[in-house]
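Turn these sequences into a full structure, and let the hints steer you where they fit.
These are the residues of each chain, in order.
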Amino acid sequence: VKLVESGGGVVQPGRSLTLSCEGSGFNFNQYGMHWVRQAPGRGLEWVAIISYHGNNKYYADSVRGRFTISRDNSKNTLYLHLDNLKPEDTGVFHCARDGTDFWADYYNPHYGTDVWGPGTTVIVSS
Amino acid sequence: QSVLTQPPSASGTPGQRVSISCSGNESNIGDNTVNWYQHLPGMAPRLLVFKYNDRPSGVPDRFSGSKSGTSASLAINGLQAEDEADYYCASWDDSLKGVVFGGGTKLTV
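From first to last, the protein sequence lines are chains A and B. Quick note on this note's numbering: the first sequence kicks off at 492 and runs consecutively. Quick note on this note's numbering: the second sequence kicks off at 2 and runs consecutively.
Quick caveat, the hints were computed from the structure, so don't treat them as lab data. Take the hints with a grain of salt, since some may be wrong.
Unchecked claim - In the DSS-like style, the derived pairs of lysine-lysine whose C-alpha atoms are separated by at most 25 Å in a straight line are:
#1 A:K548 with A:K566
#2 B:K68 with B:K107
#3 A:K548 with B:K98
#4 A:K577 with B:K98
#5 B:K68 with B:K98
#6 B:K68 with B:K52
#7 B:K52 with B:K98
#8 B:K52 with B:K107
#9 A:K493 with A:K566
#10 B:K52 with A:K493
#11 A:K548 with B:K52
#12 A:K548 with A:K577
To be verified - Below, a sample of chain A positions facing chain B; criterion: calculated Cβ distance under 10 Å:
#13 L494
#14 V527
#15 G534
#16 A539
#17 Y597
#18 H601
#19 T604
Predicted, not measured: the structure shown is a model, and the values here were computed from it. Note that CB positions come from ideal geometry on N, CA and C, so glycine has one too.
Here it is, written out as structure tokens:
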């Protein structure tokens, strides 16, 4: 069971970037998926969640309207599109699998994220 | 400012028992389960305790979680040097419709 992120890099403020996360070793299409980030010297910050079928998405207030989570179950891949990047978006972005299969919407219980990728680093700087 | 409140640091000597607290409100801890993570620098976070007090396969039973009202605790028994890490609590928040994390507690052994 494995998750591997890619797509990080150095980008100027105001620009865009798309991160990818490929899952393997499990039925990717049966799990809700999350993005979690960590800014330098700061703690973990939850970014977004997408349901197993991709129909329902929720975001942290700090990124709503700028970041878009999506998935392609035919490719076992999760995405995070980052728009209008700010210096405070700098950090390591991890994708993570929801601990309960078939997470569909906010009323389903959340029992943690049990599989994490190593992360991909985004640096927003001019 | 994190939604869940944790002490920034904790410490103990090998063999001791250490407890890390996590405080929230009715829309997160009060109404949902609390999950605990261990995070070593440069590595992926690791789920330690989930649901009420379940542990994923491979997590030793030295780690245990508890909840009372809008607060929760992670206890580590028989502290070992390898337990030195950052620890985070997290919970679903019904009002925010998302996951909220604590600010993290740096454990020194």
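Among all the numbered hints in the text so far, which are the ones the structure does not match? none
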